[in-house]
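The listed protein sequences correspond, in order, to chains A and B.
So the first sequence is residues 1 to 107, counted in this note's numbering.
So the second sequence is residues 108 to 351, counted in this note's numbering.
One or more hints might be untrue.
Computed list of lysine to aspartate or glutamate pairs in DMTMM-like fashion (alpha-carbon distance at most 25 Å, straight line) [to be verified]:
id	chain 1	residue 1	chain 2	residue 2
1	A	Lys26	B	Glu198
2	A	Lys72	B	Asp236
3	A	Lys99	B	Asp243
4	B	Lys305	B	Glu294
5	B	Lys297	B	Glu281
6	B	Lys172	A	Glu38
7	B	Lys256	B	Asp236
Bear in mind the hints are in silico, worked out from the structure with no lab data behind them.
Listed below are the residues making up each chain.
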Amino acid sequence: MGFGDYPKEYNPSVHGPYDPARFYGKPDTPFGQLKLSEIGSWLGRRNKTPSAFMGTISRAWWRWQHKYVQPKRVGMAPFFQLIVANMIFFYSINYGKMKHHRNYKYH
Amino acid sequence: MLSRVALRSVVARQSAPTALVARTSATDACGVRDEKNFPRPVRGEPGKVRLGFIPEEWFQFFHSKTGVTGPYTFGAGLVTYLFSKEIYVMEHEYYTGLSIFIMVYYATTKFGPKVASWLDKEVDQIETDLNQGRVDTIKTLEESIATEKDAQWRAQGQELLIQAKKENVLLQLEAAYRERLMNTYQEVKKRLDFQLEKAALERRFEQKLLVDWVITNVSKAITPDQEKQTLDRCIADLAAMARK
């Protein structure tokens with residue numbers, strides 16, 4: 001599987017049109033339905049290659065796109081979400097500098 | 108020449124599925140379409156949010172554990188914690204952010220509905236424009252179906268018309284036949300009449316000529332004596348009749 005290819009498990013004659021938000025591999029138990037004792041083995045079963053990480057992020061991106069950006073009549077929600085995410089991201093990367101602007105010594 | 112033949116044999120040896128596998132890098136390209144587990148994706152409605160951007164699912168996640176006010180309490184508590192411990196530092200950019208927030212809030216509440224209705228109209232316009240070609244094609248095809256049905260109906264009419272024309276031709280043939288029959292009858296009658304007239308005329312002439320001939324011969328045969336005797340006899344008869 002090179003760059004720009006479909007996932008290995010995707011078979012157009014079975015799965016039909018490709019949905020970029022969908023995981024085409026063998027489904028595991030969803031993370032939300034796990035017991036605490038199963039989390040270790042669940043994490044052990046995960047594919048930890050860089051391409052798998054990229055695939056996860058890409059699917060999350062497309063799920064957000066399909067849910068909030070791509071519908072026919074969207075409001076301001078996706079834009080506000082982007083703004084808030086950017087605020088959090090930039091605040092966290094600049095946190096080291098922001099720290100010096102603290103107004104109080106003791107908290 | 109030979110190279111082309113070789114190329115063709117190579118192409119023939121490669122079957123279609125191999126080419127598909129090479130393109131999609133899937134395990135095997137053959138298989139039955141699984142509509143139940145992999146339905147065709149549809150364009151859904153936008154996800155619900157609260158406070159402008161927080162997904163509704165986040166609040167639903169809290170409801171079973173904390174009740175309805177739980178998520179708000181959690182959010183307020185988290186913000187208070189961040190402020191109080193100065194993890195979120197209120198430096199000069201914080202107040203800039205507040206003023207920007209007020210402006211954005213005002214703009215959203217003031218102009219949001221108008222912009223939304225205008226954008227909805229635009230979206231509808233774009234969708235109708237995109238669909239227009241298909242709608243037009245469907246309309247054209249339906250019209251051509253109607254035309255075709257009309258043409259079939261007319262063709263049925265043509266059959267009736269042709270039948271009527273055939274009947275008409277038969278009638279004409281009948282009329283021509285009868286006319287000729289009449290012609291024949293009249294011609295035959297004319298000839299027979301001519302024959303009859305000719306025969307009658309001949310007989311009349313013969314009679315006339317014979318009568319003339321007899322008269323001339325008889326009058327030629329009468330001598331003056333006989334004439335005188337006859338005259339005398341006539342006068343005597345007249346006298347006898349006058350006496351009565």
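Quick rundown of the hints versus the structure:
For the hint linking Lys26/A to Glu198/B, the alpha-carbon distance of about 49 Å lies beyond 25 Å, and the restraint is violated. About 15 Å separates the Cα atoms of Lys72/A and Asp236/B, which keeps this hinted pair within 25 Å; it holds. The suggested pairing of Lys99/A with Asp243/B is violated, with an alpha-carbon distance near 64 Å, which exceeds 25 Å. For the proposed pair Lys305/B and Glu294/B, the alpha carbon gap of about 16 Å is at most 25 Å, so the pair holds.
Taking the CA atoms of Lys297/B and Glu281/B, the gap is about 24 Å. The hint holds against a cut of 25 Å. For the hint pairing Lys172/B with Glu38/A, the CA-to-CA distance comes to about 22 Å; that is within 25 Å, so the pair holds. The suggested pairing of Lys256/B with Asp236/B is violated, with an alpha-carbon distance near 30 Å, which exceeds 25 Å.
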